[in-house]
Structure formats: structure tokens, C-alpha cells
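Student: Here's the letter readout for the chains.
2 protein chains.
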Amino acid sequence: MPETNRRLLLASRPEGRVSLENFKVDEVEVAEPGEGEAIIKTLYLSLDPTNRVWMAGDSYLPAVKKGEVMRGMGLGQIVASRSDSYEVGDLCVGMPGWQEYANTADAATPWNVLPRGTGLPPTTMLGALGMTGMTAYWGVTDVCAVAEGETFVVDGAAGAVGSVAGQIAKARGARVVGIAGTVEKCDWLTSELGFDAAVCYRDEDFTDQLKAACPDGVDAQFENVGGEIMDAVYELLNTHGRVAVCGLIAGYNEHEIPKGPTNFGKMIFARLKVQGFLIMDYAGRAGEALGEMVPWMQEGKLKHEETLVQGEVTDVPETLNMLFEGENRGKLILEIAQPDLGVPEA
Amino acid sequence: MPETNRRLLLASRPEGRVSLENFKVDEVEVAEPGEGEAIIKTLYLSLDPTNRVWMAGDSYLPAVKKGEVMRGMGLGQIVASRSDSYEVGDLCVGMPGWQEYANTADAATPWNVLPRGTGLPPTTMLGALGMTGMTAYWGVTDVCAVAEGETFVVDGAAGAVGSVAGQIAKARGARVVGIAGTVEKCDWLTSELGFDAAVCYRDEDFTDQLKAACPDGVDAQFENVGGEIMDAVYELLNTHGRVAVCGLIAGYNEHEIPKGPTNFGKMIFARLKVQGFLIMDYAGRAGEALGEMVPWMQEGKLKHEETLVQGEVTDVPETLNMLFEGENRGKLILEIAQPDLGVPEA
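In order, the protein sequence lines correspond to chains R and U. With the numbering used here, the residue at position 100 of the first sequence is 100, and numbering never jumps. With the numbering used here, the residue at position 30 of the second sequence is 30, and numbering never jumps.
One chain only, chain R, in its complex shape:
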């Protein structure tokens, strides 16, 4: 059994960038598991825009309170167990929070044990086959209801959700256009992930390039960013266009809440549907999503991409900023420990 657990307690609500100063680094003893409990060692922390939302204030979940362990998803390994549900060595996906060890009894959401020997890298379960991948799946297939031959545009396209969303829309037969922040990311989207086109929003002639990439307008918009980028795509929406509002990352670090489309009158003239969604509304339907996504991954139609940063638990706040500064490609993950030998890896 390990002896100490370092954990980050929220100390102040950040304004703008997040830093370690917003947290109190606390060190506590790791208690032995009680009857029916198990202890998980955090290996990989999933870094998601929603972490920033949770520390800002109440939203779809109550805000993390000051003095509480910061809420976060991750992948860990069982190091001690007095539970029939967990064996030592099991890899599990859940909500450890920003700490080195967690007790399964403290979990607000259940831990899922990964089957051994699948041959898939375990971090896939934090990315393309995890919460972010399934978010992409439901946004594309249900909210956008993309049909074959339609034009689908996703911004934040090189991110964890966006990169999977584009690949799913492609697998469903759409023309897929991605928006990202660098030429390198755009190249990656078209050459590696099979996007039909990709446009860099930092280019001066971004709106012209976007228009050229969508000669038949836009039928479905998968929105991760908000603000001016959202507006540029929205302007190109065809009659009966659909917008799945998944994230508004442009506003998460700002004081001001992201605003709706500037040209709201178009809602009526073009009969648009704009709909927000959260993965938790599809909680009971993971099997449906994986039933389509796992074969796509096996056929090479769906690639899991991750930006893996190595560090320790005190590096989480700084690493989170990479999301808002466009530093990641695919799923952003902080590795704070490696799995024990004897557990299958990639």
C-alpha cells in the first residue's frame, strides 16, 4: 500500500488562465480500503474543457467547492481491494479527481473496469472510445443527424471531440470540413484523418477559405468553440441547417459568457435548429455508440489521437491551459504514473 496521496483542493476560482496557485496542494495518508472498497492509483488524468467549467461556478453540475478535491476524469489501476468488483491490477476509468489515489467508495459516478487483453491502448478509453468520443458520436449522429452527401463543419477539429466528430461524420458519408488553429493541425486532419478540407482560423482570409471549402454551404455544424468562429460557420448554414452545441471553449477563460449567434434572425429565415447537448443524456446508450465505433476503429476509419504529457499531479492546472491555447492534438492526457507490469498495454 502507498503511504501518501497528494491532491489538489480548489482554493480560488481562476480568472483567465488556470495555475497551481488556484489550488492548495494537500498531502494525506492513504487509508486502507474498508469492506467492499478498493483503492485506485491514478495513472492518466483526462484534461477536458469541462474541468474549467466545473471550477468556475454552477453549471450542469454544481461547481467544485473551495476546499474540495478538484473534479476530473481519469484512468487508474487498482492497488488494493476488499471489493468483489475490483481485482488488484484492474485498469478502471472513472472520476478520480485531481489526486494520486482515490477510494472507489468516494466516486460520484461508477468506475468501469477495462476488459484485459483487448489489444487497444488503455488511454483509448479516455479518448475516441471514452466520454469525448461518445460525445462526438451523439452530436454527429443524433443532434446534427448528418446524412450522406451533406456538408459537415466542426471547429476545434484537432481537439479530442472535434477530431472524432469529423471522422464519424465522414464514416456516415458527409463532406467534412475542419477548423483548427495551425497549418500543421489542418494538414493532419486532411492527410491522416481523412477530412475533405481543413481551414486555419488564424489566417486573415479565414472566412473566404471556409466559404471556398463549403461550396454547397453547410448543413450541419458541430460547435466546440463559439464566438467569431461559430459565427463564420453559422453564416454559411443552409436552410434547415442544424447546430450541435457541444462546447464554447472560446469563452471559458473569459469573464464574459459566450453569446449566441450574431445574426439570430437567420434562425427564422433559414429555419435553423440549434441544440445543446451533454454526454450524460446518452448515458444508457454507450453500447449503441461503441457498437458502431469499435468496428470503425478496427477498420481504420476512426483513429484515436492523443497528446500525452508526462508529469505529476501538481502539473495538472498548467497542462489544462494547453486546451485553451490550442496546444493539443486529439485527446489531452496527463500521465502521472504508468501501469504496473503484468497489465496489458498497447
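Think of the hints as simulated: they come from the structure by calculation, not from any bench. It should be emphasised that the depicted structure is a prediction, and the values quoted were computed from it without experimental measurement. Keep in mind that a hint or two might mislead.
Pairs count within a copy or across copies, as identical chains cannot be separated in the list.
[Unchecked claim] In the SDA-like style, the derived pairs of lysine to any residue whose C-alpha atoms are separated by at most 20 Å in a straight line are:
1) 259 with 227
2) 259 with 231
3) 259 with 232
4) 259 with 228
5) 301 with 340
Chain U: place on chain R using the hints.
Tutor: Relative to chain R, chain U alone:
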């Protein structure tokens, strides 16, 4: 046969209020109908917010061009016919434009002949049973999909669409709250139309009153106005709330286009659906709507209310402003002539 037809040709695109100076008053000879044609005398002109949209610029329809007869709906009577479809004396609903006589051959949309002897006032067909009433019907039943026991809020509630929308939501079993501009209108909504509550947006404590009128929040919002009033209702929307965007009358006289919801992030947290719609998308389904609405009218659950202004064709522009200044209750109609004797009236 009449000899002259006075008509209003669009001369300039109005900014702010509309006035007769934005039009050229033109007088032309009324030509005899050709083979298969009929001449309609305009009796009642339907005044709708969309008239203002049509003169401003291209929207869901091309803008009215300068020098063209201003586009508008109305109810007329056949005064000469060489068509098998129309008899002299027939009352017809269609698009005469802002002129005293129209030729059926010039119509961009078909004229509908009203059945004789229904006992219903003919102007009903411009209001509760016409385009505005059916707009309300589809917004409530399809876009908002209001369910029994839900809270439904409509602004512009004393207007032609709003007053019918509230009654339909009520007939469908919802708790109905209206927003209007005067205490008299609010009283009328609750005492005559059966709204559960009505709130005056000009009151200083409007948002508090609105909140008190919706103790369980808002499940469905029927939006006719936009701007701050829209935002006040939007703030009260429950998880999975729906917004039917029917009109944004607050912005129609402004230079600035009406903006989307201020708190757009709520789209995600509350998983809202915001959807614009136009009656023309339901063009083939009028029978369905009337099948439910006519019985409601017979049972007294649905009342047709109109503000009938008497005048002549040159009074149309000034009368239209009443819509934007909150001067009408129910459907705003300008009577420029009365039906000939021998045709059944109310």
C-alpha cells in the same frame, strides 16, 4: 368593372418607422381579365411583421424591389371573372399586395376561395384560422411540442400569433403565461383568453413577476419578440427546454439585427433546443391544423381577436407601425372596402 387601381410601389427601404413617403402612390387602369383570369377587389389587408422584413432586404423570400407593388396578404372579392375557379362575389384569401385590385394571374401564391355560409367572419381566415393562426399551431404543437402540465410562455402574447399560440397551448393542457405591453392586454389574456397568467414587460419588476408566474420554470418558449424580453424567458428555461423562434419583432425596425441569447452557454448546460420555423414549411398540412383548430373555435377554446382599422390603401404604411408600437390586440387588419351585399358575413 372598376376603372382605376391605386397601388403602393416601394420607393425606398424604410429605416425605423414606415411611412407613406417610402412608397410611390401609383394609379393605373384596371384591365379586363383575360381568358382564365379574374379580378379581385381588395377588402381587408393583413398587416404582419413580415411585411417589414420583406421591405428591408432579402430574407426567406427575396426583398420587394423598388418600383414593385408592396407584397402583402389580404382578403378580397371577385368583381370580374373569366375563370372557372372564381365566381363573381367569391371571397378569397391570398396575396393581393398593397393595392385596391389584383389579377389572379399575377399571384405568386394561389388564392383560396372561402366556402360560403360557414357563419364564421371572413376575417377569421386572415387571423386565427389563417396564416398567423396556423403559424401559432405548428410552433406550439411541432416545434415546442408542448406536453400536458408543462409551462409555456409566449411573448407578443396579445398579437395575432401570440394570442392564438397561448390558446392552443392551453387547449393542449399546458400552464400558459403571456407577456404583453399593457395592463389592459394582460387582463384580456387572463380574463378572455384563459391564460393562467400574464405579465407586462413595461413594469419595472417585470423579471420578478415573470419568475413568480412560472414557479416551475419554463419548458417551452414561443418567441415573437427577441432582445431583452426573450432573454428574460430564456433565463427561466428548464433542462431540455424548447424555444420556437417565430419572430423577432424587437429588431425589425432597428438597424441592428436581433442577437441570440446572451447566456448562450446555457444551451449546453440545460440542453436547450432553439429552432426557427416558417409557416411555409407546413404548407401541405393546413388540413391537419384546421382539423383541430376549427372544433376548438366551435367549442369556444379558441377565440379570433382582431384590431380592425378602417381606411384606404394609402393608410397601410402608417397602420403597419401599430404592430411595432404595441397598438394592436390580436390580428391587425386594415379594411379598405366592405364586401358586396349578397355575400354572407358574420
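Student: Does each hint hold? Answer for all of them.
Tutor: Verification of the supplied hints:
In the homo-oligomer, the alpha carbons of residue 259 and residue 227 lie at most 20 Å apart both inside one protomer (7 Å) and across protomers (13 Å), since each shortest distance falls under that limit. Taking the shortest alpha-carbon separations for residue 259 and residue 231, both the intra-copy value of 10 Å and the inter-copy value of 11 Å come in at or below 20 Å. Taking the shortest Cα distances, residue 259 and residue 232 sit within 20 Å of each other both inside one copy (14 Å) and across copies (15 Å). In the homo-oligomer, the alpha carbons of residue 259 and residue 228 lie at most 20 Å apart both inside one protomer (10 Å) and across protomers (13 Å), since each shortest distance falls under that limit.
Proximity of residue 301 to residue 340 under the C-alpha cut-off of 20 Å is found in neither arrangement, the shortest distances being 31 Å within a copy and 71 Å between copies.
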